[in-house]
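Turn these sequences into a full structure, and let the hints steer you where they fit.
Read top to bottom, the protein sequences are chains Y and Z.
Numbered continuously in UniProt numbering, the first sequence closes out at residue 415.
Numbered continuously in UniProt numbering, the second sequence closes out at residue 415.
Hints are computed from structural coordinates only; laboratory data are not their basis.
For clarity, every value in this text was computed on a predicted model and none was experimentally measured.
Misleading hints may appear alongside valid ones.
Stated by the list, open to error - Not everything, but these chain Y residues come out facing chain Z in the computed CB check (under 8 Å):
1. A30
2. A284
3. D298
4. E307
5. E310
Don't be surprised by glycine CBs; every beta carbon is placed ideally from N, CA and C.
Chain by chain, the residues:
2 protein chains.
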Amino acid sequence: MKAEILCVGTELLLGDIVNTNAAFIARELARLGIDVYNQSVVGDNPQRLKESLELALERNDMVIMTGGLGPTYDDLTKETVAELFGRKMVLHQPSMERIERFFQHYRRVMTDNNRKQAYMPEGATVFPNDNGTAPGLAVEQDGKIAILLPGPPREMTPMFLDAVVPYLEQFSGSTLYSTNVHLFGIGESQVETILKEMMVSSQNPTIAPYAKEGEVRLRVTASAKSGEEAKAMVEPAVEKIKEILGEYIYGIDVGDLQTALVKALQSKNKKVAFAESCTGGYLAKRLTEVPGSSSVFDCGVCSYANEIKERILHVSHQTLADFGAVSEQTAKEMARGVRELSGADIGVSTTGIAGPGGGSEEKPVGLVYVGIATEDSCEAYELRLSRGYQDEREYIRYLAGSHAFHLCLKTLERL
Amino acid sequence: MKAEILCVGTELLLGDIVNTNAAFIARELARLGIDVYNQSVVGDNPQRLKESLELALERNDMVIMTGGLGPTYDDLTKETVAELFGRKMVLHQPSMERIERFFQHYRRVMTDNNRKQAYMPEGATVFPNDNGTAPGLAVEQDGKIAILLPGPPREMTPMFLDAVVPYLEQFSGSTLYSTNVHLFGIGESQVETILKEMMVSSQNPTIAPYAKEGEVRLRVTASAKSGEEAKAMVEPAVEKIKEILGEYIYGIDVGDLQTALVKALQSKNKKVAFAESCTGGYLAKRLTEVPGSSSVFDCGVCSYANEIKERILHVSHQTLADFGAVSEQTAKEMARGVRELSGADIGVSTTGIAGPGGGSEEKPVGLVYVGIATEDSCEAYELRLSRGYQDEREYIRYLAGSHAFHLCLKTLERL
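Quick look at the structure:
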């Protein structure tokens, strides 16, 4: 089955928002084994919307559209699909009641044009919206399918997972099962070189690498008649990857480094504290993104100034004078200092040059030290994070955090 | 002039990366007065790439492509354009030398397929790449233009700004000048209602609102024969907006709230310190995104646990027992505490319920207190940030930070 993703919205054409919907839907369709060869964006213009929709249905079996389901006069996706498929617009009473309840619940005033959102092309399958007023829908005709979803990601994403995935599974004869192996400290090309033979020879399950911000994720996906059967096909492949790349694997189906770290801390009943210089709160921010992180994290100090490093973290004046703030010695004393200040089991520190200014021949932009202090050890690790590109501040800060989390995970293994 | 943005890459079709290039180019083209009615994505497949390119050039004057300029066999964008325009591929010696220098500089090994990146369709305008090996290019023929840019945003973005914008200005008879007015504390629909008459009646300059994450930006753009002339047309409109919406304006052409705050602190020679509970380092992270923030920010404390609030920030045990961590009283004591701890001029605190768990009837998810302490004042502000949607943790934490920055800006005005 072949699908096109067609996103509707003038705000996309003007670049006012980034099209995260297309990426989300593409990823989900790949998981379902539905091929996507084209993605398109068109504005809230009836003529061009119609042309794009016709083209999408001409070259594909299915079009998945987002946007243009709102209450205003320029929201025309439903009407355009109804016209193309020769269907009348009819009231969908459950949607009307749901919209009325939504307005009551949030004590907002319901206007006449909100009622328009309860009208559907006759015979459509309706997907309820738990996070907004616009229901989604699917219309089938002559072997072609149009699926229409609301534009805001917070409405579209849960609707897709809860209602569209089950709807789409009927078109796929088989069930998919995927496991993600998360790696850190190895590049995508290196992973490909090492696993090349296995990746090429294994067709079911497939093994696909995805690189993102210093990490590599290997997705192992099997297709079978049942979920259990597919799972049983995935497991031996994952075991083999563990044998080959075990030292780089930080988790299986674990999401990201910060989530892996929170889980590892929870399972060992340990707490972590951060002393951040160059990352300026980024470690704390990323860790506290994880719901439930409060059980493993009490305290972070962002010590941007040397005086704060001395006074709050008790880094010695002599260390700062002799080696500078960006040094192995300072990193160690910061980690030790925040561990003692907070009473945590592990103290983690960062100090470095994030740029764009502040670099020198001796201490260039991208030089970062991570300190890790435990009850009986204190280590510092030197990182060189610049790739020689312009404007790397965000990248260096992010990657310093990833390394700090990874080093913390490694330290936890032996506690 | 009408353009289509055509992004090439299987990783986009699979949803492995989000298409930020399309949004960036769309925004820049809007600024240049070039209309975009379609955006498309196609994979690294020669036949479908050719079809998409033909369609784009049939319905537009210009196509701007990203991706497919790499060294490997499936990078085919240049070759496809050359074939369509009937051009030979010829060696571009300056590009070859630049690529050789790039490899020498980063001490990487240059392979034969890197040489392919120095070959161009005959007669192309070449855009040098300062951040990678793939040059960009433009080919013109029979009133149609194809512009080809590398896929990685860190290569594409500077190339677009440095080389493509000057190239495109030759096709525009006029020069544009834009000013951005940044507002906080007012919704987009309210701005539209208040400014409706002015927005509808003013055609040059145009006034366009853009809403993003709790903020509204009004872009005032004039088109004239010279930059000065356009600027002179923009200024009176900005003055009128200031008269009408002055209380909500936090800056003109200032980028974002954190940059505005760093600039305001610098100009008043003041320092800020953060005590963060529910935002967990997000304030510090956002402020230290701004290069040069170290001149106004020495210290942040992320006090996730009550014990840390007491011991490091000196919030009284009685306050926490009587009112709880999420309270006006605790927010004030945290702000006062971090101000004293750090020696900063302004102490800013956050404490609240970011969710998804932890909410109650009395203190629901989204309730956040921001404390602001100065030498002679200490105030707390209650915020209700939930919109009733699922999975709002990131949104609540981000918006709490924006409010904290805005309250800090307002406090600075009277210091």
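* **Hint check, Y/E310 versus chain Z [nearest Cβ-Cβ separation less than 8 Å]** => 11 Å, violated
* Is the hint on Y/E307 kept, meaning its closest Cβ partner in chain Z is under 8 Å away? -> 7 Å, holds
* **Interface hint compliance - Y/A30 to chain Z, C-beta minimum distance less than 8 Å** => 5 Å, holds
* Asked: Do the numbers back the hint for Y/A284, that is, is its least Cβ distance to chain Z under 8 Å?
  -> This interface hint holds because 3 Å falls under the 8 Å limit.
* **Hint check: 8 Å Cβ-Cβ cutoff, Y/D298 to chain Z** => Nearest chain Z Cβ about 4 Å off; hint holds.
Of the numbered hints given earlier, the model fails hint 5 alone.
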